[in-house]
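Letter by letter, the chains look like this.
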Amino acid sequence: MATDTDSLVAPRETGAPRPRGSARSARSTRSARAAARRPGGRRRTGVAYLFLAPFLVLFLVFVLAPAVFGLWISLTNWSPFRATQSFVGLKNYIELFTPGSTTSGDFWQSMLATGIFTVASVPFLLLVPLLVAVLLNQRIRAGSFFRATFFAPYVLGVAVIGVIWKYLLDTQSGIVNHVLGMIGLPDNLPWTVDVPWAWITLVGVTVWWTMGFNTVIILAGLKGISADLYEAAALDGAGAFRQFVSVTLPGLRQVMTFVVTITILASANMFGQSFLLTKGGPGNTTRTAIMYIADQGLSQNNMAAASAMSYVLFAFLAIISIVNFRLQRERAEKSAS
Amino acid sequence: MKKRFAVRAVAAAVTVGLGLALTACGSNSGSGGSEVSSGDYTGPKVTISFWNGWTGGAAPVLVPKLIDKFNSEHKNIVVKDVPMQWSDIGQKMPLAVKAGKGPDVAVGHGDDIATYAAQGLVLKADSIVKSLGYSASDFPAGLMDAGKYNGAQYAVPWSVTPLGLYVNKDVLQKAGVDPSSIPADKTSYEAALAKLKTAGVQGEWVDGYVFTGTFEFESLLWQYGGDLFDKPVTKATFNSDAGVKALTWMTDLIKNGYSPANVAQDGNINALIAGKTAFNWNGVWQTTNTAFGKLNWQAVAVPQIGTQKAVWSSSTHWMFMNNKGQDKNKTAAAATFVKWMNDNSADWPKTGELPAKNSVRDDPKLVKDYPALKPFLDELPYAHYEATAPGITSVEATITTAVNEAVTGKKSPKQALDDAVAKANALIKQNKDTYGN
Numbered sequence: 006m007a008t009d010t011d012s013l014v015a016p017r018e019t020g021a022p023r024p025r026g027s028a029r030s031a032r033s034t035r036s037a038r039a040a041a042r043r044p045g046g047r048r049r050t051g052v053a054y055l056f057l058a059p060f061l062v063l064f065l066v067f068v069l070a071p072a073v074f075g076l077w078i079s080l081t082n083w084s085p086f087r088a089t090q091s092f093v094g095l096k097n098y099i100e101l102f103t104p105g106s107t108t109s110g111d112f113w114q115s116m117l118a119t120g121i122f123t124v125a126s127v128p129f130l131l132l133v134p135l136l137v138a139v140l141l142n143q144r145i146r147a148g149s150f151f152r153a154t155f156f157a158p159y160v161l162g163v164a165v166i167g168v169i170w171k172y173l174l175d176t177q178s179g180i181v182n183h184v185l186g187m188i189g190l191p192d193n194l195p196w197t198v199d200v201p202w203a204w205i206t207l208v209g210v211t212v213w214w215t216m217g218f219n220t221v222i223i224l225a226g227l228k229g230i231s232a233d234l235y236e237a238a239a240l241d242g243a244g245a246f247r248q249f250v251s252v253t254l255p256g257l258r259q260v261m262t263f264v265v266t267i268t269i270l271a272s273a274n275m276f277g278q279s280f281l282l283t284k285g286g287p288g289n290t291t292r293t294a295i296m297y298i299a300d301q302g303l304s305q306n307n308m309a310a311a312s313a314m315s316y317v318l319f320a321f322l323a324i325i326s327i328v329n330f331r332l333q334r335e336r337a338e339k340s341a342s
Numbered sequence: 042m043k044k045r046f047a048v049r050a051v052a053a054a055v056t057v058g059l060g061l062a063l064t065a066c067g068s069n070s071g072s073g074g075s076e077v078s079s080g081d082y083t084g085p086k087v088t089i090s091f092w093n094g095w096t097g098g099a100a101p102v103l104v105p106k107l108i109d110k111f112n113s114e115h116k117n118i119v120v121k122d123v124p125m126q127w128s129d130i131g132q133k134m135p136l137a138v139k140a141g142k143g144p145d146v147a148v149g150h151g152d153d154i155a156t157y158a159a160q161g162l163v164l165k166a167d168s169i170v171k172s173l174g175y176s177a178s179d180f181p182a183g184l185m186d187a188g189k190y191n192g193a194q195y196a197v198p199w200s201v202t203p204l205g206l207y208v209n210k211d212v213l214q215k216a217g218v219d220p221s222s223i224p225a226d227k228t229s230y231e232a233a234l235a236k237l238k239t240a241g242v243q244g245e246w247v248d249g250y251v252f253t254g255t256f257e258f259e260s261l262l263w264q265y266g267g268d269l270f271d272k273p274v275t276k277a278t279f280n281s282d283a284g285v286k287a288l289t290w291m292t293d294l295i296k297n298g299y300s301p302a303n304v305a306q307d308g309n310i311n312a313l314i315a316g317k318t319a320f321n322w323n324g325v326w327q328t329t330n331t332a333f334g335k336l337n338w339q340a341v342a343v344p345q346i347g348t349q350k351a352v353w354s355s356s357t358h359w360m361f362m363n364n365k366g367q368d369k370n371k372t373a374a375a376a377t378f379v380k381w382m383n384d385n386s387a388d389w390p391k392t393g394e395l396p397a398k399n400s401v402r403d404d405p406k407l408v409k410d411y412p413a414l415k416p417f418l419d420e421l422p423y424a425h426y427e428a429t430a431p432g433i434t435s436v437e438a439t440i441t442t443a444v445n446e447a448v449t450g451k452k453s454p455k456q457a458l459d460d461a462v463a464k465a466n467a468l469i470k471q472n473k474d475t476y477g478n
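If you read the sequences in order, they're chains A and B. Take the position in the first sequence, starting the count at 1, then add 5; the result is the number in the working numbering. Take the position in the second sequence, starting the count at 1, then add 41; the result is the number in the working numbering.
No lab work stands behind these hints, which were simulated from the structure alone. In this text the structure is predicted, and so the values were computed from the model without any measurement. Using N, Cα and C, we set each Cβ at its ideal position, and we do this for glycine too. A portion of the hints provided could be inaccurate.
[As the list claims (entries may be wrong)] Label-pair distances were calculated between CB atoms; the ranges are:
#: 1; chain 1: A; residue 1: I99; chain 2: B; residue 2: N330; range: 48 to 56 Å
#: 2; chain 1: A; residue 1: F156; chain 2: B; residue 2: L103; range: 37 to 45 Å
#: 3; chain 1: A; residue 1: I99; chain 2: B; residue 2: D419; range: 52 to 60 Å
#: 4; chain 1: B; residue 1: D419; chain 2: A; residue 2: F321; range: 39 to 47 Å
#: 5; chain 1: A; residue 1: R258; chain 2: B; residue 2: V251; range: 42 to 50 Å
#: 6; chain 1: B; residue 1: Q126; chain 2: A; residue 2: L185; range: 36 to 44 Å
#: 7; chain 1: A; residue 1: V184; chain 2: B; residue 2: Q126; range: 31 to 39 Å
#: 8; chain 1: A; residue 1: W213; chain 2: B; residue 2: A193; range: 51 to 59 Å
#: 9; chain 1: B; residue 1: D293; chain 2: A; residue 2: V66; range: 55 to 63 Å
#: 10; chain 1: B; residue 1: K238; chain 2: A; residue 2: A245; range: 55 to 63 Å
#: 11; chain 1: B; residue 1: Q456; chain 2: A; residue 2: N193; range: 53 to 61 Å
#: 12; chain 1: B; residue 1: K335; chain 2: A; residue 2: Y172; range: 13 to 21 Å
#: 13; chain 1: A; residue 1: W213; chain 2: B; residue 2: Q214; range: 36 to 44 Å
All chains, full assembly: derive it from the sequences and hints.
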């Protein structure tokens, strides 16, 4: 496999020398210089592919090949226990869209759960980090301490935060309900047991856990906005809010496109929080698409249907990502004209 | 060039994908029997590998000790202990066995045996059982049958883990319930709950999770004379009158204020330890719970709420794996190992499980060493084990959904059970297609 890819990415047709670490010899230095004088585009592409090769090999073996394989599985009646698998065309997909089949009801319920979670969590995962990043970007005392504090939860694994919050949010003996009771509020809220509380828990815990990541990226974007722009805006009489709207937000556009996209994708792939905190309950209300797909494919060996579900989920996410990029580009064009 | 490269890359990926697919298709294994000449292996020296899910508790210390002892007593057998997470075993076993790289012997849960057997991963063990001299009467009633699939024996029992009633005696004392006579039937149990309620204690916290709501429901279902499935496991039957009665009894505990609503996962056992509740239906594995250290606790048999005695129990079993090109000598050596382990399982209660072999359990030394286990031993004559059918664990998950929906008040017990049975029947049918007949 590795040699195959090497021959694919090696710049054979260009005739350019392969960099073989023999730069010490004067001859190769000369030839390299000679190559650089030639129209150099092709040669540089070759070297770039060479540097990309290790990643490309991993990508092909562990991402693209399984993805193609998964597509094929979704078109068969795949069972790991049978010797032969037969091609069934789009049957697995049609079943997903046929009400009353074994998988369709549960699958769309889980897609709905994923949708609810994404719609509820993404705004918070954008606004809260934006606000925090703007605050951290001020010249405040102990700024790096706060940066570290907000980022800290992100380094914890989902198993750790799951266990922590399971204890804190226990209906009867959790600290959260205890504190609520002390200040005269209901002290028996079913944070992990019943909706809508379970949704609040899942969104809240996710925001607490992952907002540090978005904050750091947005903060980096803020640092990239020239101070001159703020100065000019201030000279034109813009107040803090106007500066935020007219300088900060446009300056963050590129960064925000990226953050919005990865946040939507991350929320749509939510699994661990539901799996640990609510067990998908009450009933299967908070069982997300990934949770159901993993259960069907890995626990119940129902791989064909699970693969089809993955591709349906993939289609949804691809559409959302494309729409998101289009919208951001249009906005950029509009503000540029 | 860029474009051509992309086309080639995709072509290469497709080739690899199909290659994988074809390789996966190529492997196949038939199932056959294995001959074991006698209980003690006398052939040439062999090394056998042994997979198990004993990664926590006392097992990681106890098992290597047992295996060292076995290896030193048997000059012609070397057992290699391979512990890993239970879920990893389930995922690795099919491919490993088909590639001839699986274990020679493994321990699995009762409800996984048929799933493995249907895939041809496990050897039929009828002849092994015979040569080891085992019969059904060497184990608790019904346990040998829990290792049967399609009329053949696929597994040899190793351990059982029944449910029991855990009691916080201090809480009972404070509420004015005599802790020396712990209720064992419906009337006295409900009387105790009522008395606890007047003292401001919610006596039994009902939850809607596998631990412990599902196990309590299944116990009650059997107590009311119902069953989870029909005998050949072609139909789910837990929405019977017995099932509705069982689940209604549980939701009534909440309705009557004997249990709080919306108990979270593990909320009930934590409440028992914190002295907030008196009773908890839980497995024998809790006898090794270190948090019980400071507690004035006792475990008893689960009370008889329904019309007959019954209790849920799970079990683990030995399986002899049907690797591609399985060496008969290794299987024979594994059988010797299994017999030796069963004979030397007197310390297995350290892990919170009861040894399956009657002669070991009946030894008075066991109760002397582990007095807390007495009530669990007494329960075994009427214990019910998990159903054996390929893919049954996915079907069992619908029971938990029903219990959860009823306990959280989303559906009435009848409605929740009816919906779950419909789902379970669809899954049973799907399993037929997945695993074949």
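Hint check results:
| no. | hint | result |
| --- | --- | --- |
| 1 | A:I99 to B:N330: 48 to 56 Å | holds (50 Å) |
| 2 | A:F156 to B:L103: 37 to 45 Å | holds (43 Å) |
| 3 | A:I99 to B:D419: 52 to 60 Å | holds (55 Å) |
| 4 | B:D419 to A:F321: 39 to 47 Å | violated (55 Å) |
| 5 | A:R258 to B:V251: 42 to 50 Å | holds (48 Å) |
| 6 | B:Q126 to A:L185: 36 to 44 Å | holds (37 Å) |
| 7 | A:V184 to B:Q126: 31 to 39 Å | holds (36 Å) |
| 8 | A:W213 to B:A193: 51 to 59 Å | holds (54 Å) |
| 9 | B:D293 to A:V66: 55 to 63 Å | holds (57 Å) |
| 10 | B:K238 to A:A245: 55 to 63 Å | holds (59 Å) |
| 11 | B:Q456 to A:N193: 53 to 61 Å | violated (25 Å) |
| 12 | B:K335 to A:Y172: 13 to 21 Å | holds (19 Å) |
| 13 | A:W213 to B:Q214: 36 to 44 Å | holds (42 Å) |
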